[in-house]
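Participant: Got chain A sorted already, so can you dock chain B onto it with the hints?
Those protein sequence lines, which keep their order, are chains A and B.
Number 297 in my numbering belongs to position 281 of the first sequence; there are no gaps in the numbering.
Number 1144 in my numbering belongs to position 278 of the second sequence; there are no gaps in the numbering.
Treat the hints as calculated values from the structure; they're not laboratory data.
All values derive from a computational prediction rather than experimental measurement.
Every residue gets a Cβ at the ideal spot worked out from N, C-alpha and C, and that includes glycine.
Nothing false has been slipped in among the hints.
According to the in silico footprint, chain B covers these stretches of chain A (three or more CB under 8 Å from chain B): (1) 51-61; (2) 69-79; (3) 269-276.
Below, in silico cross-link-like pairs of lysine-lysine (BS3-like), each with a Cα-Cα straight-line distance of 30 Å or less: (4) LYS50(A) x LYS1062(B); (5) LYS52(A) x LYS1057(B); (6) LYS984(B) x LYS156(A); (7) LYS52(A) x LYS1049(B); (8) LYS1057(B) x LYS50(A); (9) LYS37(A) x LYS1069(B); (10) LYS1066(B) x LYS52(A); (11) LYS50(A) x LYS1017(B); (12) LYS52(A) x LYS987(B); (13) LYS156(A) x LYS1013(B); (14) LYS186(A) x LYS29(A); (15) LYS29(A) x LYS1013(B); (16) LYS987(B) x LYS31(A); (17) LYS1062(B) x LYS984(B); (18) LYS1062(B) x LYS61(A); (19) LYS1009(B) x LYS219(A); (20) LYS50(A) x LYS1013(B); (21) LYS1113(B) x LYS141(A); (22) LYS52(A) x LYS1007(B); (23) LYS52(A) x LYS984(B); (24) LYS40(A) x LYS1069(B); (25) LYS285(A) x LYS1113(B); (26) LYS109(A) x LYS173(A); (27) LYS908(B) x LYS356(A); (28) LYS984(B) x LYS1066(B); (29) LYS52(A) x LYS1113(B); (30) LYS1016(B) x LYS156(A); (31) LYS356(A) x LYS915(B); (32) LYS29(A) x LYS984(B); (33) LYS108(A) x LYS1113(B); (34) LYS886(B) x LYS1173(B); (35) LYS156(A) x LYS1007(B); (36) LYS987(B) x LYS29(A); (37) LYS50(A) x LYS984(B).
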Amino acid sequence: MKDSLNNMKYIEKNKLVELIKELKKDYILIAPVKLKNFVLFRELKENEEPYLDFLNSRNSPKEFFFPQTENIVEFEGIIDKRVSKLEDIKNKKRIILGMRPCDIKSILILDKLFINEDYVDNYYKRLRDNTLIFGFGCNKPRTTCFCTSFESGPFFKEGSDGFITAIGDKFIIEGITEGGKKLIEKLENADKDMVKAKGEIEKNANDTVPSSVKVEKIPEKLREMFEHPIWEEISERCLGCGVCTYLCPTCHCFDIQDEVINERGRRVKNWDSCMFPIFTLHGSGHQPREFRYQRMRQRIMHKFNYYEENFGVIACCGCGRCITQCPVNIDVREIISSIKNVKLTISNEK
Amino acid sequence: MEKIEKKIREIAGKLLKDEKVKLVIGFENGTLPMKARPTFIKIQENVEKLVWNSLCENNLAVYIPFYRQLMDKGDKIGVIAKGCDARSLVLHFQENVAKREQIVIIAIPCDGMLDRRKIEKEVFPNEITELSENGDTIVIKGKEFEKTFKKTDFLCDDCNTCTHRKPVLYDELVESSTKESEKSGDYGKIKEFESKEQDKRWKLFTDEVSRCIRCYACRNACPSCYCKECFVDCTNPQWIGTTIDEKTDLELFQIIRTFHTAGRCVNCGSCTRACPMDIDISLLVNKLSIDAKRLFDYETGLDIEGKPVLNKYSEDDSNEGFFE
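Chain A extracted, bound-state conformation (with noise of 0.2 Å):
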């Protein structure tokens, strides 16, 4: 405790701009934006502010580690003589602040997928390693939140170099690791009853959190489930967008393309989706997923079955972005219970 104390600091809420201001001298900064009703994550423009009261923001911070579009490779000259090059690779360091435990938790996920013994992705790790990530901690989760399913919570710490607890007129900030440390140092302080009030929030932050659901068995009962009249009746509603996976900060498919115009082109790496129909689509004109129901347990089987299979970890952080903006209300957590209600038949379990 004597020792964390130390790295309990604090700030004005009012005086947050300016601490910005300055880091943005050594910084990209990448903070929750407000437009029009909703919140963005995205980089601070210039005299841009950050937006703190917020519940969650609409777009997942996932996109700055694993971005929508990403130039792979880029090439110039004529055919026989093509000159490739990789991206610069930005040195501006970058602070991602504000950042939810939940999405935070989804980054520890993919670095899973991303940085791992037999694979190391460089466009992901370069951006995981150019950047602080500050943590901010939940007062008010919604409804549709069920973090402390999935080993997090709204006070979750792993993952973060710092973190911000909001109390009254000020923000507490703890730094966790040395980076984070560092680069709150100069802040003042927090005194006693400061980190004594932001303990009593911390104490009972995961019974704040209104729902949840029970994962337990799931990704072995799923094993059993590939075959199953479920998945027609779960995605009889699904309209086929890409709402789901594309605010999923979890969801980590993509495509590479090719670009070229005249003698310039980039081979880009996009995002991808399992909900639409040209997702693994071959090229023989061959559909191995034509139906909606194959798209949708893709999307289920990918995350409570396969990923828990490969990495130990299910994907899914329980930030309900996928239910609050679904265009017709299919809710994950109904499907992980109707999952869990199948009564597996003899045949279902071979």
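Facilitator: Positioned in the frame of chain A, the structure of chain B alone reads:
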């Protein structure tokens, strides 16, 4: 409202019991306080799920193309239809998506649907956890607030300007006291848009579209967008780039989709409501509907015998440019 609900259940139940239809597409309560969602009733016992309120925002005609196989087998589908849903069905009949006799239209004159986004704006950033309605009064509740307001002040833009709240075609009609909107056909928003200088209009359009994440929810929520292969999905030839950093591609997608729905859009506003980035897509599509009305005196989905405006030619047709 409860009367309407009761009547819907009665009609749907009878259709299923008499095996007149294989399923009824309607609305049920969802898991969010401000949304009813599409539901698919296949047995009579389940008709109790059917609801009717100001949150039934989806255009249910969008599901018809998914049931082609079922209809080919000779089965029929019942659809709970608002004014806009019925017009979309008429378009489907005109364009041979379904045959008239394959659909049983259960028509409900509609008072307009609530715009979730407008309501959320009132209490931003707080979450609304409960919504109830009684006639024209809407009450919303959250953890630390309760607010009452007039329904008519928070309707979707497209519901405000709706020209046909009473379904134009039906098999079963649920009577209601619905009156056509006072602002029927008053596209003030578009007129304001039209009155701007060209470069301002372009800026407004490109600013809005720059947020597009290419999730295609606008396309998929649209009953008029049912191409077997959408031009954005076509890989050979590839009509349009695939990235989001070439803003031209985002703009092209919206422009081409708009032209594909010219004279085929029923102004239901589904595209705008589906957009997770709050892009006002119907602003663009509505513009072409107004032009279709002005230049050809044509409105989509009114006449099952008629042809969509761009499918017919007359010597008297206006020669004015379709898109200034």
